Each structure stands twice: as structure tokens, then as C-alpha cells.
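**Q** Keeping their order, the protein sequence lines are chains E and R. According to the working numbering, the residues represented by the first sequence are 298 to 661, in order. According to the working numbering, the residues represented by the second sequence are 1376 to 1518, in order.
None of these hints come from the bench; they were simulated from the model. Worth double-checking, as some hints may not be accurate.
To be verified - Below, computed lysine to aspartate or glutamate pairings styled on EDC-like, alpha-carbon distance capped at 20 Å:
1) R:K1441 x E:E365
2) R:K1437 x E:D476
3) R:K1441 x E:E516
4) R:K1411 x E:D476
5) E:K411 x E:D634
6) E:K332 x E:E516
Unchecked claim - Reference listing, derived: stretches of chain E covered by chain R, where coverage requires no fewer than 3 residues with Cβ under 8 Å from a Cβ of chain R:
7) 456 to 468
8) 573 to 586
9) 592 to 603
Claimed, not checked - To give an idea of the chain E side of the interface with chain R (calculated C-beta under 8 Å), a few residues:
10) F449
11) K452
12) G475
13) D477
14) A481
15) L506
16) I509
17) G513
18) F570
Predicted, not measured: the structure shown is a model, and the values here were computed from it. Even glycine gets a Cβ: it sits at the ideal position worked out from N, Cα and C.
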Amino acid sequence: MFKNSFSKLVNWLDTRYDLSPVKELIQHKKVPLHKFSMFYYLGGIALFLFIVQVITGILLLMYYKPGEESAFESVRFIVTEVNFGWLVRNIHSWSANLMIFFAFAHMFSVYFTKAFKKPRELTWVTGFLLLALGMGFGFSGYLLPWNELAFFATKVGTDIAGAIPIVGSTIKEVLRGGDDVTGATLSRFYGIHVAILPLLFTFLLTMHLFFIQKQGMHEPDSFKKLPEDKKRYTPFFPNFALKDALLWLVVFNILLLLALIFPWELGIKADPFASAPAGIKPEWYFMFMFQTLKFIPAHVLFIEGEILGILGFGVAGLVWLFVPFIKIKEKFNSKFDLMKWIGIVIIVYMILLTIFGYVSSSTA
Amino acid sequence: MSTNRRKFLNILLGIGGIGGLTILTYPILSYLIPPKSPKPKVNSVKAGSATAFPANSYKIIKFGRKPVILVKTDQGKFVALSATCTHLDCIVQYKKDTKQIWCACHNGIYDLNGRNVSGPPPRPLKSFAVKIVKDEIIITQAG
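Chain R on its own, in the form it takes in the complex (with noise of 0.2 Å):
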């Protein structure tokens, strides 16, 4: 086989193979993104009676997708935050007895206003607008 003809058959196998592996891998990376599937649109969710809720308490609750800590403090305020710790996504929870919301993963402490007030969380928790409504616990989307 000439050398020329060797050469050609060479660069058309090397075209040939990278132009296939990169026809391959894309719809494989493509493939492995999941589907945007449509997020619920919720504006606001019901979470109960606010006179049966036990004063310096807790609960999560689910915001659509998302959780949200409700918490009713010792003088009967409602106080709703986003539940994610902006840290590394874990779901925090209200400390009775210091009462400051705190992330058991790494030790994150926020205050009832969702202040980043020390460990590693990077910013605050986003807040949420809490009504009642005949008796009915109502949390919407604030602002």
C-alpha cells in the first residue's frame, strides 16, 4: 500500500473516529440531564390551625416542592423561613431552648428573622409572609 494512500485512509479514520465519538457522547450528555418537568406554581399553602400550633414549636412544611420551617415563638408570633440552609441544602430545625433556627449538618445558626448569625451559612434564609385566617395558618410568598 502506498504510503500516500495509507495516510489518507489514517486521517479518515481519525476523522471518522473522533467525529463518532463526538456524535456519541452528545446525546449521551444530553441524555443524562434530566427533563425540566414543570415546577407546581404555589403561592401560598395552609399549615393548620394557629391555636392548636404549641407555642415555641416547630414545624416543616411543604411550600410546593420545597420545605418551609414554621415556627410559632413563645409570645404566639408565626415566623415562616425558607427550611433549606443556604449552606450545603440541609433542612434546618428551631432550637427550643435557644430559640434560633439551627442546622444539625454543620452547625449553622440562623435567627427568627432568618439572619445568618454564625457557623458556615453564607446568606440568610429567605423569609416567607405568614397570616391567619380564622383561625387558619396561612403562608404566602413575601413581597
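Okay, chain E solo, but in the shape it has when bound (with noise of 0.2 Å):
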């Protein structure tokens, strides 16, 4: 019965907005088979967690109030308080680590199969910025708490940005929302989090589905020289949507239980007048960033330290975005593949720098 029912509205959709392209994705959409074919899963997988996010974030918005003597507070009584309150806070804060490290992996995925190529280059593009986007939700939410980390946190963080040559100064005013870190900060920092990221987050996202359907999965070049009867294909529907939702629920049970047994603190009201705790540290995926800025000294040649590392982190983010149009040269038709080692080195010093962060926070 149900099945009719749905088979009659399906025709009374059709007869009035033509639904042929829908059925004609659905028919012929296929996901190729061969060694990297888990890697089509990650970005799945990020997507889950962001539609976590906004379902967990949209809840937390019931009960969360902006404001220097009402933020912390707020998130308290969510946390012990509100029935499962605790629950939905420690959701979103690990979901919002775990689409964080998925689009990583998903990026470095595309990066190491070549995805970004030709015809993909604005996939490339918008999916970047979708980290970049995502890496700025993580650091506005990190001080909706009004906590003493998050709160030298966002000095740090701001202060950064404020020491880009010529337009820094007005960026860290228009962030800060004045010259310091204060309430005011956190009633934009709210706005920017629940506001302007997810608007601009959407319509990139929807971008990015959209020229993912359109172009299809993307064949790795080993599987493309493959004669055409070696080259194996499954459906998309309902073959991988199925696995693909089965991974989605592994996934959720190990958001839960992450949130269960890892509660996540809400640590010690923000006290503009006290000093930096010790072992202040940023979200992990800043920690490489600010493990960097540490090691600058603070001239070097002419420059202050820290203006030469935004410079590079910024030119190295440019580079990162545009890579599906830089060309490089293969030369002598060599084996050596410089774009893996390039990738190689990125991830290697990430992974380094993280560890040696963490390490060094915790024994300082």
C-alpha cells in the first residue's frame, strides 16, 4: 500500500515538474570499483556530520544566550540542566572535530587520486573553501562557551588576523567587534556562526553536490587505462546509497559513544583580567598553524615573526585553493610524481607539528 502511495505521488510530481532528470541520476549514477574505492565515502561522511551539526546546533539555539554574563552561564544550565542537554552539547562539539578531520581526509583523498583535475577544478574549489568555511565555524563556536581557553584563543586568533599588511587592522576590529576580545566579540562571533557561515556554507555545499551529480564519480587514471570490459561499476542506487548509509549509522554510534564516554568540558568562565592559563592550546586542526607560529622567531631579516607566518600559511592556502590550475611539468617522463610528495610533505608536517603542539602544551 505504501509503495503505491508513493508510486502515485511520484506520477503526480511528474505529470506537473517533470522528473526525468531525477530518474535518469537515479538509473544511470555509478560509482566505479577499484583499491581506493572507500575513499568515495569521506565526503559522505562529512556531510552526515554537518547535517549533525545543524540539527545538534539548531537545538543548543533553544537555550543558548550571547552575552559576556549570560553565555557561559547558559551553556551550563544546557549541560546540567536542560533534559539531555548534556548530549546535544557533546554531539555537536564532537561532530564538529569529526566533519573537520573527515574533510580532511576527504580532501587529501582527492588531492592523492588526482580528483581535482580537469573537469573538476571548481569541485576542488568550493570544497576547499567548504573546509576553510568549516575550520571557521569550529573557531567562532569555540568561544560561543565564553570560556578562559576559548577566550585566549580568540585573542590569539584574532591577533593573527589583524597582522595581515594593510587591511589586519580593520579585520581584527570588525571581528572583536572594537579593540579587545569582549562581549561584543561574542555577539558577532554568534552571528558569524549561526548566521553568514551557514548561509555561505549552504550555497557552497549546494554548489558542490550540484557539480558532483553532474560530472559523476571521479576514475583514478589506473582505472581509466583499464579495457573497458575489466572495468567494474556498481549502482548508485540503491547499492552504494545503502552502504552509504550504513556507514552513516557506524559513524553516529561512534559520535555517541564518543559523546558518552568523553564529555566535553566546559572549563573556567572567561576573565578578561587574568592571565593565560597554561597549556593553552587551540582546536587540534589549528595546532599546527599555532605550533608553527611558536617556532618563528620574532624577527626574521626585517619582518616580525608572526606577519611572516600568516604570510606563508596565507600564499600556502592560495597555492592549496588553485591547485587543479597550476601545471606542473612532467619532465624525462620520470616515475617520480612530484604532486604526491608535495601532499606527502604537507601531511607529514601537519601530523609532526600537531604531535610536537600537543607534547610540548602539556609539559610547559
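Dock chain to chain to rebuild the complex, using the hints, since each chain is given by itself in its own frame.
**A** As C-alpha cells, this is what we get:
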């Protein structure tokens, strides 16, 4: 009966809106099968975690009160008084971190399989911008509980933005809503976190998903070279979609376990007139940059260390954003894959500096 | 529609569109820059009793809107410095064991004269004058 009513509904819609493009996509979308096929799931997991973020974020909005005198108290109220408030906040925090992790994993898998190459340049660009916005979500959301760690992380983060030549001081002032990190900063970060970033993110995500549907799944070179009869595919609907759904369920269970076993600390309320506590550190995905800043000396030649650091990361970010448009000539027909090695060096650098950051902050 | 007429309308729409966007952008950007609120003019602040302040310890004092670190050394001497690290704006603290000013954010170290001695801070901490009047600690702008 249900199936009957569903096909009736589809027919009703079809006669009015012509669903043939959707039907076409459902019938013909296919996923190549090869040794890197598991990489196809990473973006989907990041998407699932974003959906979790939207739902838990909306739930948190029901009780959260921005403001120097109310933010910390309202989060404490959520985790101590509201039914399952602790669970909602823990899931929101864990899911945020996992989302960034899977977005990074997705990005590097795309990089190493060279899926960013023509004609998928804009899928890469929108994807990298989504990761940058995701980190923006993390940075702005980190301040919202108005605790000590977040307060200083925000002071440092906005001060780094202030080091950008020419426009830096204006950006810093606009972000902070004044000279210092105060309640005004909290109001702005709240607006950025719940309105500006979701708007931009939804727009870019729609573009990103549209590009993927339009162009189909990327096939790595090793797969493309195979003779037609050796190429194996699985239909996206229902085979791949069901596996995706199963994996989402597994991820959701892991998320619940993490939220139950490792609750997210609320910490101490921020005091703008207290010393930065020992062991202060940003979220793990900013750690490699934070640690780099620790290593750069106060002055390198005639430039201040922090300006050099921010310029370095700024340029590196731009190069990474435009990776699909950079043509590296393959000389001598050699088997040396420069792009691959650059990627490996970047990952090793990020991992080492992150580990070093945690080890040094725990011993400081 | 003649091509000239179409061209004219396109130019008009283009100018109108770009002009409209510019007109909208300027007030939005200006709106985002917070208005300057008058800064409280503070020349000196009281920081409590000098005898009650334990030796080899510190306190962060509000100097207008800015934090100042007040340290009492082992010898009983008072030192007041800006508490804002010149590296990335964190608030510094006094390390009792090394007798130095330390910023926990990026491991910046200053001596008790405010000189940046190691780590990333690019400049020294600004110093403040400390006077004791009838056992009351008074911090004033130096110079």
C-alpha cells in the first residue's frame, strides 16, 4: 500500500514538474570499483556530520544566550539542567571535530587520486572553501561558551588576523567589534556562527554537490587505463547509497559513544583580566599553525615573525586552493610524482607539528 | 528591439547594477566597523595594600580597559608592566620559580624590566610607575 501511494505521489509530481532528470540520475549514476573506492565514502561522512551539526546546533540555539554575562551560564544550564542537554552539546562538539577530520581526509584523498584535475577544478575549489568555512565554524563556535581557553584562543586568532598587511587592523576590529575581545566579540561570533557561515556554507555545499552529480564520480588514472570489459561499477542507487547509509549509522554510533565516554569540558568562565593559563591551545586542526608560530623567531630579517607566519600560511592556502590550475610539467617522463610528494610532505608536517604542539603544551 | 536600444539598456542596467551594489556595500562595511567609544582617561589606579601583598607573587590590575601585571619581588620591590603580550595579545603571568614574566600562549618570556628575552614576542612590555602612599599601591603611567 505504501509503495502504491509513493508511486502515486511520484506520478503526481512527475506530471507537474517532469522528474525525468532525477529519474535519469537515479538510474544511471554509478560508482567505479577499484582499490581506492573506499575514498568515495569520506565526503559523504563529512556531509552526514554537517547534518548532525545543523540539527544539534538548532537544538542548542533554543537555550543559548549570547553575552558576557549569560553565554557561559546558559551553556552550563544546557549541560546541567536541560534534559539531554549534555548529550546535545557533546554530540555538537564531537561531530564538529569529526566533520573537520573527515573533510581533511576527503580533501587529501581527492588530492592523491588527482580527482581535482580537469574537469573537476571547481569541485576542488568549492570543497576547499567548505573546509575553510568549516574551520571558521570551529573558530567562531569555540568562543561561544565564553570560557577561559576559548577567550585566549580568540584573542590570539583575531590578533593573527590583525597582522595581515594593510587591511589587518580593520579585519581585527570588525571581528572583535572593538579593540579587545569582549561581549561585543561574542555577539559577532554568534552572528557569524549561526547566520553568516551557514548561509555561505549551504550555498557552497549546494554548488559542490551539484558539480558532483553533474560530472559523476571521478575515475583514477589506473582505472581509466583498464580495458572497458575490465572496468567494474556498482549502481549508486540503491547499492552505494545503502552502504553509505550503513556507514552513516556506524559513524553515528561512534559519535554517540564518544559523546557518552568523553564529555566535552566546559572549563572556567572567561575573565578578561586574568592571565592566560598554562597549557593553552587551540582546537587540534589549528595546532600545526599555532605551533609553527611558536617556532618562528620574533624577527626574521626585517619582518616580524608573526607577519611572516601569516603571510606564509596565506600564500600556502591560496596555492592549495588553486592546485587544479597549477601545471607542473612532467619532465623526462620520469616516474617521480612531484605532486604526490608535496602532499606527503604537507601531511607529515601537519601531523608532526600537531603532535609536537600537544606534547610541548602538556609539558609547559 | 534594435541593437542600439538593447546595448543602451544593457549599459544602463550594468551601471545601475554596479552602482547599486557599491551604494549598498559602503554602508554595510561602515556599519561593521564599530563606532569609537570614548576611552576612559586613566592616569593612575590604586592596587591595594603594599604590606598585604605577598612577596614573590603577582596580580592583574585593571588599568582603564587594559590589564597591568603588578609583581612584588622577593626583595619587596614592586614592578608594574603592561600585561598584554606583544606577540599575540594574550595576558602574561609571573613565574615564581624563574622570576620572569611568562606568556602561556606561545611561551614568550620577559624579564622583570619588561624586556622580551626569549620566545616570539617582538617588543618589550610597557612599564608603569609604582608608588606607595600610606601603604596604598598606586600605579601610574610612566613618563
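**Q** What hints, given by number in increasing order, does this structure fail?
**A** When the structure is compared with the hints, numbers 3, 15, 16, 17 turn out to be violated.
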